[in-house]
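Per our numbering, residue 5 is the first one in the sequence shown, and the count goes up by one each step.
Quick caveat, the hints were computed from the structure, so don't treat them as lab data. For clarity, every value in this text was computed on a predicted model and none was experimentally measured. Among these hints, one or two may not hold up.
As the list claims (entries may be wrong) - 27 Å max Cα-Cα, derived DSS-like pairs, lysine-lysine:
#, residue 1, residue 2
1, Lys46, Lys259
2, Lys209, Lys38
3, Lys140, Lys209
4, Lys102, Lys274
5, Lys102, Lys277
6, Lys274, Lys38
7, Lys102, Lys140
8, Lys259, Lys38
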Amino acid sequence: MADSRFSERRAAFRRLHEGGCFLIPNTWDPGSAKILAGMGFKALATTSSGFAWSRGGRDGGMSLEAVLENCREIVEATSLPVNADFEDGHAPGLEGVKANVGRCIATGVAGLSIEDSTGDPGHTLYDLDAAVARIKAARAAIDESGEDVTLVGRAECFLVGRPDPLPESIRRLRAYAEAGADCLYAPGLTTLDQIDAVVSAVAPKPVNVLIGWPAEFTLAELAAHGARRVSVGGALAGAAWGGFMRAAEALAAGKFDGFVDNLRHPEIEKLMK
Numbered sequence: 005m006a007d008s009r010f011s012e013r014r015a016a017f018r019r020l021h022e023g024g025c026f027l028i029p030n031t032w033d034p035g036s037a038k039i040l041a042g043m044g045f046k047a048l049a050t051t052s053s054g055f056a057w058s059r060g061g062r063d064g065g066m067s068l069e070a071v072l073e074n075c076r077e078i079v080e081a082t083s084l085p086v087n088a089d090f091e092d093g094h095a096p097g098l099e100g101v102k103a104n105v106g107r108c109i110a111t112g113v114a115g116l117s118i119e120d121s122t123g124d125p126g127h128t129l130y131d132l133d134a135a136v137a138r139i140k141a142a143r144a145a146i147d148e149s150g151e152d153v154t155l156v157g158r159a160e161c162f163l164v165g166r167p168d169p170l171p172e173s174i175r176r177l178r179a180y181a182e183a184g185a186d187c188l189y190a191p192g193l194t195t196l197d198q199i200d201a202v203v204s205a206v207a208p209k210p211v212n213v214l215i216g217w218p219a220e221f222t223l224a225e226l227a228a229h230g231a232r233r234v235s236v237g238g239a240l241a242g243a244a245w246g247g248f249m250r251a252a253e254a255l256a257a258g259k260f261d262g263f264v265d266n267l268r269h270p271e272i273e274k275l276m277k
């Protein structure tokens with residue numbers, strides 16, 4: 005029997021994609037999830053990079069079992085819908101992708117993304133036919149589960165350094181939409197013109213925009229240009245590591261002024277309730 009908590013979260017997550025624009029910050033552990041939930045966000049996402057760094061690893065280097073446990077812990081930490089950064093499905097073959105997506109659904113996530121990056125520097129993206137087949141395998145796993153999990157199709161052309169990445173991203177996102185992706189995502193867009201092009205190309209399906217740098221535009225501007233949701237990838241984790249490094253560098257120099265921006269013990273304890 006389906007867990008009613010997860011069904012309600014999945015329905016709420018689906019509604020968020022039907023209109024307007026929402027910010028979905030990326031969390032890497034239960035503590036960061038609780039803090040973000042307490043700030044009024046409507047949904048959370050995991051981050052493969054942030055999680056890997058928290059475990060002393062590299063992005064893309066965590067095992068399937070570790071990723072599933074991370075999803076499970078973050079889902080259980082709050083009452084918010086959670087979107088899993090599920091990378092390429094953690095399997096080379098279609099049956100593996102389908103089985104792994106089924107296991108990810110079982111953690112209670114409300115959505116999950118499948119990307120077309122291979123992790124192989126000699127062949128950075130799955131060929132389009134193979135990438136489409138992987139989206140279809142994920143779609144089949146969701147449909148067979150009977151759960152209303154949102155499927156996000158990701159085109160990684162910008163991140164892997166493809167020449168002239170925008171047209172190829174659009175070609176791939178359109179194909180992923182036809183293959184059953186509910187939401188489309190091309191991380192690496194940096195201009196409003198690029199966002200306009202992607203939103204127009206896959207309309208009426210919703211588009212996720214990644215903002216992980218000090219961007220000059222606001223959430224309201226992104227909404228005006230048709231973004232349905234905005235995520236930050238590993239940027240919050242990077243901000244946490246930045247604060248850690250500044251404090252540690254001060255310690256290494258024999259100083260203690262790196263702690264000036266720290267939250268105090270009682271403040272953190274209150275956030276974790």
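A quick look at each hint next to the structure:
Straight-line distance between C-alpha atoms of Lys46 and Lys259 comes to about 40 Å, which puts the hinted pair past the 27 Å bound. Between Lys209 and Lys38 the CA atoms are separated by roughly 30 Å; this puts the pair beyond 27 Å, and the hint is violated. Pair hint Lys140 plus Lys209 holds up; C-alpha atoms about 17 Å apart against a cutoff of 27 Å. Restraint check for Lys102 and Lys274: the C-alpha separation of about 40 Å exceeds 27 Å, so the hint is violated.
For the given pair, Lys102 sits about 37 Å from Lys277 by alpha-carbon distance, which is inconsistent with the 27 Å threshold. The hinted pair formed by Lys274 and Lys38 meets the criterion: a straight-line CA distance of about 10 Å does not exceed 27 Å. Under the criterion of a C-alpha separation no larger than 27 Å, the hint pairing Lys102 with Lys140 is consistent with the structure, at around 9 Å. A threshold of 27 Å between alpha carbons decides the hint, and for Lys259 with Lys38 the separation of about 31 Å lies outside it, so the pair is violated.
The structure does not agree with the numbered hints 1, 2, 4, 5, 8 stated previously, though it agrees with the rest.
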